[in-house]
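Below are the chains, spelled out letter by letter.
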Amino acid sequence: MPIERYIFLSITLFCIGIAGVLIRRNAIIVFMCIELMLNAVNLLLVAFSKMHYLKGSAANATAGIDGQLFVFFIMVVAAAEVSVGLAIIVMMYRNVHSVDINFLNRLKH
Amino acid sequence: MNGTDILFYFLSALAIGSAVLVVISKNPVYSVLWLIVTFFAISGHYILMNAQFLGIVNLIVYAGAIMVLFLFVVMLMNLNADSEPQKNKWIMLAGTVAGGCLLLVLVAALKNAEVKGMGLEMKTGNIGLINDLGKALFTDYVVPFEISSILFLSAMVGAVVIGKK
Chain D
1 MPIERYIFLS ITLFCIGIAG VLIRRNAIIV FMCIELMLNA VNLLLVAFSK MHYLKGSAAN
61 ATAGIDGQLF VFFIMVVAAA EVSVGLAIIV MMYRNVHSVD INFLNRLKH
Chain S
110 MNGTDILFYF LSALAIGSAV LVVISKNPVY SVLWLIVTFF AISGHYILMN AQFLGIVNLI
170 VYAGAIMVLF LFVVMLMNLN ADSEPQKNKW IMLAGTVAGG CLLLVLVAAL KNAEVKGMGL
230 EMKTGNIGLI NDLGKALFTD YVVPFEISSI LFLSAMVGAV VIGKK
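Chains as they are written, first to last, in my numbering: chain D, 1 to 109; chain S, 110 to 274.
Simulated from the structure, these hints should not be mistaken for lab results.
Just so you know, not all the hints are guaranteed correct.
To be verified - Have a look at the derived ranges for each label pair, beta carbon to beta carbon:
{"#": "1", "chain 1": "D", "residue 1": "N60", "chain 2": "S", "residue 2": "K198", "range": "52 to 62 Å"}
{"#": "2", "chain 1": "S", "residue 1": "V270", "chain 2": "D", "residue 2": "N60", "range": "40 to 50 Å"}
{"#": "3", "chain 1": "S", "residue 1": "L211", "chain 2": "D", "residue 2": "V96", "range": "44 to 54 Å"}
{"#": "4", "chain 1": "S", "residue 1": "G126", "chain 2": "D", "residue 2": "N102", "range": "23 to 33 Å"}
Said to hold, decoys possible - Simulated coverage check for chain D against chain S, where a stretch passes if three residues somewhere in it have a Cβ under 8 Å from a Cβ of chain S:
{"#": "5", "stretch": "32 to 46"}
{"#": "6", "stretch": "66 to 77"}
For every residue, glycine included, the Cβ atom is placed at its ideal position computed from N, Cα and C.
Okay, chain D solo, but in the shape it has when bound (with noise of 0.2 Å):
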């Protein structure tokens, strides 16, 4: 299987992401797209994590394995974040009574 598939596919995937944060007005869509394009890097991580192994394995048996470390590094700090900001659109919502990001902009005044 050649990386380039797999490149293109976290590409795209990134991209729908990038596109669902520029379009939803959301607060939580557009948290879910974030979500969307850390998958998309951890996919892509793996993919090279294989890929180097492949290449190296002959010298160093576990050539490539930092890059799954990486990624499951990535997924603890992503749940961290998660329940952080969570807690936080809760918080704006018992405000505001409303998780439209254009009603959200209290810092610019």
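Chain D is already provided as a structure; the job is to place chain S on it using the hints.
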């Protein structure tokens, strides 16, 4: 075209199609459900690349825990299709065009990248299994692992403090 190729194209089409549906669904609950389908497809890719540990962790952490949290918050706020009333067609068009332009630029830039034509190992290999990953995690990466526990503690405290007000 062998079985691996067919599985790859099926999972890619599933991932991209459900990712598009996440963005265009009117109802936030449907968006959450389509995002779960996307995560299942990405887990399928991990298992296809024999990264079994990450495939299962992706299912448990993302599709299991994080998306249940999203679904819980969406249902708690009672959001429905008309909670996003103003539909500015120009903003939607501009967002789509901007995303498409980024896609075009990235594909054009990476089309002839240095790694072009390099293979990657599917369905075999030991580095994705829990044996090697656990050894590396608890020897070379033990300090980041411990720091991530502090991160989780602070995230938990932060979520409780923010939610309590």
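Now for the hints, and whether the structure bears them out:
1. In this structure the supplied range 52 to 62 Å holds for D/N60 paired with S/K198, their Cβ-Cβ distance being about 54 Å.
2. Distance hint for S/V270 and D/N60: a CB-CB separation of about 45 Å, consistent with the stated range 40 to 50 Å.
3. Distance hint check for S/L211 and D/V96: the Cβ-Cβ separation is about 31 Å, which falls outside the suggested range of 44 to 54 Å.
4. Taken as a hint, the range 23 to 33 Å holds for the pair S/G126 and D/N102, whose Cβ atoms sit roughly 29 Å apart.
5. Look at the stretch 32 to 46 of chain D against chain S: 8 of its residues bring a Cβ nearer than 8 Å to a Cβ of that chain, three or more, so the hint holds.
6. Only when three residues or more bring their CB closer than 8 Å to a CB of chain S does the claim for the stretch 66 to 77 of chain D stand; here the count is 9, and the claim holds.
Checked against the numbered hints given earlier, this structure breaks only hint 3.
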